[in-house]
Amino acid sequence: MFKFICNRLLQAIPVLIIIITMTFFMARLAPGGPFTQERNVSPEILEAMNEQYGLNDPWMVQYVRYLGSLLKGDLGPSFSSPGRTVNEIIADKIPVSLELGLLALTFALLVGIPVGLLAAVMKNSPADYIPMTGAMIGICLPTFVLGPLLALTFGIWLGWFNVSGWFSPSDRILPAITLALPYAAYIARLTRGGMLEILSQDYIRTARAKGVPEWKVVMKHAIKGGITPVVSYLGPAFAGLLAGSFVVETIFVIPGLGRAFVESALNRDYTLVMGTVIFYAVLLLIMNLLVDIVQVLLNPKLKFEEA
Amino acid sequence: MSFKPTEHSQVEVAPELIHQVEDAHSLWDDALHRLKKNPAAMAGLYFFIFIILFSFVGPVFTPFSAEYQELPLANTGPMATILWEQRTNAEGEVTKEDFAAFNIVVGRQQRTGGSFDADAFLARLKAGEAVTLGDRSYTLSDRKYLLGTDRNGRDLLTRIMKGGQISLMVGFLATLVSIVIGVVYGSVSGYVGGKTDAVMMRIVDILYAMPFTIFVILLMVFFGREIWLMFMAIGAVAWLTMARIVRGQVVSVKKQEFIEAAVALGQKHGKIIFRHVIPNVLGPVIVYSTLTIPSVILFESFLSFLGLGVQPPDASWGVLIKEGAESMTVYPWQLLYPAILFSLTLLAMNFLGDGLRDALDPKTTK
Chain C
-3 MFKFICNRLL QAIPVLIIII TMTFFMARLA PGGPFTQERN VSPEILEAMN EQYGLNDPWM
57 VQYVRYLGSL LKGDLGPSFS SPGRTVNEII ADKIPVSLEL GLLALTFALL VGIPVGLLAA
117 VMKNSPADYI PMTGAMIGIC LPTFVLGPLL ALTFGIWLGW FNVSGWFSPS DRILPAITLA
177 LPYAAYIARL TRGGMLEILS QDYIRTARAK GVPEWKVVMK HAIKGGITPV VSYLGPAFAG
237 LLAGSFVVET IFVIPGLGRA FVESALNRDY TLVMGTVIFY AVLLLIMNLL VDIVQVLLNP
297 KLKFEEA
Chain A
5 MSFKPTEHSQ VEVAPELIHQ VEDAHSLWDD ALHRLKKNPA AMAGLYFFIF IILFSFVGPV
65 FTPFSAEYQE LPLANTGPMA TILWEQRTNA EGEVTKEDFA AFNIVVGRQQ RTGGSFDADA
125 FLARLKAGEA VTLGDRSYTL SDRKYLLGTD RNGRDLLTRI MKGGQISLMV GFLATLVSIV
185 IGVVYGSVSG YVGGKTDAVM MRIVDILYAM PFTIFVILLM VFFGREIWLM FMAIGAVAWL
245 TMARIVRGQV VSVKKQEFIE AAVALGQKHG KIIFRHVIPN VLGPVIVYST LTIPSVILFE
305 SFLSFLGLGV QPPDASWGVL IKEGAESMTV YPWQLLYPAI LFSLTLLAMN FLGDGLRDAL
365 DPKTTK
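Here the protein sequences come in this chain order: C and A.
The opening position of the first sequence corresponds to residue -3 in the numbering used here, with each subsequent residue numbered one higher.
The opening position of the second sequence corresponds to residue 5 in the numbering used here, with each subsequent residue numbered one higher.
So that you can see chain A by itself, here it is in the shape it has in the complex (with noise of 0.2 Å):
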């Protein structure tokens, strides 16, 4: 018996029949379904798209580049008032004028000239008075920093969008490196089983005993500490748990009838690989990159702050965050601001990556 098509004009279909089939769900239609309905993920999602934009975007916006530093206003506070300095000589030529934080000149003023009535200094200034004080005269200026600057008179702002974009990038392209690797691992090392598989996987057992927080350090101090070789080191790191968690995928969907079926029919082995076994393991390759750019994220900060990571003048949260615990008892807002937004990005990715997981494998219990 012959089975021939049927052609699709030819059938009579229900039209109740033709609403079920729009009606069905693919498991990626599902899974998204599903997050949708995990406020904690999608918070978590809104807030990841929100940080790539402030990081990627935000720069375009503040008034000031990362790089452009103005020393005199090392080191003020957020959204601090900020004066313009003029100084004259005797002839009344003005010789030097510059910026002023309005707290230095007050401090200025009384540590030399005893009382000095701070608030209706302000007051004239703020009535656009120029304040004539000795040799200086003032005036208000408009600049503000919305987070205050650093150290070196940099917008503290315009610096952690900057480190933001060094940490993102590292997230994503050790991420990336993870992946390549422990997927084209795991799937040979599981489509090929017996022997090679035993192999591999001890290999896998053997590194992952190894201390690799300390090999990278190692990496990192003796190779000088490059960012392309950041993304490598971590990246070679993160792609044992991949390869893992990929080799058990492969391993069950090897055992599928169209794998058989591919095999029936004479495909090579590398196409079987690439066409059909890792379609199937995409899911929790998804899931476990979300959850790995957070921890690569941390990782790289962790190493900035030992000062073995990102070096100046460039920038990632985790040298923000140690620049910031170095003057924290002064300044405190320069450890404050990017460790809030530091770790809200963590929490943030971390609650996405298990609503991804919940949502694509709705067999795992909460």
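Okay, chain C solo, but in the shape it has when bound (with noise of 0.2 Å):
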């Protein structure tokens, strides 16, 4: 396992340094820089402030600055936010995102694993395909329709909770089940399609036979097999997750890293740009190899060798 995780870690490699150069040469081809966008500002001072942050020179020099600094853990200062580095900000954003981020996993999970669950075990009755057509229509409402329809019920015409904000906690209900509908929706058909097939199996059969009651076949015996399908989409789950606050953060105007990028993008500011894109492709290496060695585990079949 030690020898398999290392490996993965060496293949990471590559993968980050090509987003790193990508991020960073798209950056400098595009025309216009960080400063350009602002008004009222003259040659002098444009030409001063692309001296003092080293934009002046030849790009394979800031490109081996960048990665040099990049070693050290720096990720440079900001462009749109004088006075504050990358790291600061991002450090600053990082844990209203990941709390957003682990309350819309938690409810998708505990939403989509019991619903899905009992639409295997209840197959073909209205327990089954009521939810499953919902979890149909949940899977197609993108969460930039679903966000504005929630915070208009909920929030304008029932008066429930606030539009927009991150103060209270009942602020965190509305974009937090924004976030998790679709994905548990999607876990939701995943439990059910893997419980069904789990539960045709001949051990299965077998323990039915034995005379073990029901709920422990399912709860104890088919559980297990019959959740690897979801275990495998939370890698793909959460990058998805990423993407998805992005609109939600948006939407209900949360000061979290989401937002920071889009605005960084908009802005032109490289530096806090790529800091955020390199943040977030770790965090997606990390998680998909997450995913993996959870699968294994769940899996014996699986051995970590061929993974």
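It is possible that some hints are incorrect.
Restraint-style ranges between C-beta atoms, simulated for each label pair [unchecked claim]:
| no. | chain 1 | residue 1 | chain 2 | residue 2 | range |
| --- | --- | --- | --- | --- | --- |
| 1 | A | A44 | C | A87 | 45 to 55 Å |
| 2 | A | T200 | C | L66 | 30 to 40 Å |
| 3 | C | W156 | A | F120 | 52 to 62 Å |
| 4 | C | C2 | A | Y212 | 14 to 24 Å |
Hint data in this document are derived by calculation from the structure and do not stem from the laboratory.
For each residue, glycine too, the CB sits at the ideal point set by N, CA and C.
Using the supplied hints, reconstruct the complex from the two chains, each of which is provided in its own coordinate frame.
Quick look at the structure:
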């Protein structure tokens, strides 16, 4: 297992280098710089600002310098928020996004798995097809439709929650549900599919023949194999949650990393964009690794060498 | 022993055998038959056809063009009553005339004139009377906006149709880009095999690990928000899965005897790929394409919602939903109509894609 993790981490290095290089040169190739959008800036000041941030040096020099500081864990100063470093900004925003993401993931799992289990156990009954139709709709409803609709219904018409902001605990509910619902729906479908496949296996029949009570068959024998598809889905789900957080944080005006990324991209804040991209990439690679490990742990047929 | 094909006219065929031959179904007939038995997929198909007609033919039938704006009628509700307002000066000459929304006129009267009987006002207008209030006189206009207007007084229905054109076009063209790249890449990789295959698939694996949403966002931000760039960017991202699917199919088709026969006949590899291999992997490609189109439409709208996609005055459904979300507290219809239509389209396409998959691959269990 240790070897497996080392291998995967080694494989991640070229991926990271490609990401860093592509982002770096894409930002430089693009027309316009980080300071061209500000009005009332005289050419001398612009020149001085470019000089101060080292933007006048040849690209390769900038690139090597950036990689050098990156190795020390320094993501550089932010262009759009003077006096603040990218490390500070990310450290500032990440607890908010992390809280939102974890809440959403927990909600998605807590709703999706039981619903899927119930649908599988009560196959072809109303408890199966009503939630499954709902799940299909939930998958098709994108976050940016669901969010405003939920805000409209529960925030404005019913007045139960605030429509925007991130202050009281109740402010967490609407954004988390918005982010979680499509995943809850997908997880429910995956759980149902996985459970149906496992429940038709011989060892389940054996367990039933031995007189094991049905709830024990489901909860003890079947569930481990049945939720494997859910586990392998968690990797892509996590990537999706990141993209979803851009939208949800924009809709509900949440001061998280997703909104910071979109804004930094719009402001051409090169260093903040790169810092966020690198951060996201590392996060995704780690999550995919974790998912692979859990998958092997759940399924004894898989071995770490194969993956 | 030489084999000579028998000529048709010489063979006596029993009539019931001819009937049997006519009844034989090709793979595609079978698929169509199975698809027709799936009500959800057929509903999806019909709705999809409806949406295409709605978006591309619909604007011909609406009374307004998508660009036509009537600023006094900004944010007019669906089917709201609209008046024609004339202002006259002391000499009785008309100095200014324009449309006015009924509820705005009523609101203004209620604020200034204390109690104002809106119902009586409406009744008199409906009777065809010109009602004078202060220096303004009103007559009923026959203008109606079925789904209301947007913030600039443009007809929302026509805007939704035009938005559908852009969203569908992005969906089709980006999917086409992904099909072309994915099919060529996947079939070359699978057909050549060996080390080339390993390297090509390794590249796909590495690209898979990239946070592509982020890359497309960066691309759109840095290189302007051009629609054609969006096709390319999304298409260039979506080909990865297509390449994997095609490669898997090609690897299994390659082992079949008719490919061996083609090789033995000395056909060129390029010809074998395009004539024999690709036609045999079309099924999964079609299925995956029907599922790619909605996800591309979704992605484009996601970008537009963040302000990174289609730019005004062009509007995709994402732009309309974004604008609607900004004003949903006061004018909820501006959010509701585009959102409902957009969601129904995605739902329909997903049902159709699922149905096609079941129809083309009878082995998959539901």
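Right, here's what the structure says about each hint:
| no. | hint | in the structure |
| --- | --- | --- |
| 1 | A/A44 <-> C/A87: 45 to 55 Å | holds (48 Å) |
| 2 | A/T200 <-> C/L66: 30 to 40 Å | holds (34 Å) |
| 3 | C/W156 <-> A/F120: 52 to 62 Å | violated (35 Å) |
| 4 | C/C2 <-> A/Y212: 14 to 24 Å | holds (21 Å) |
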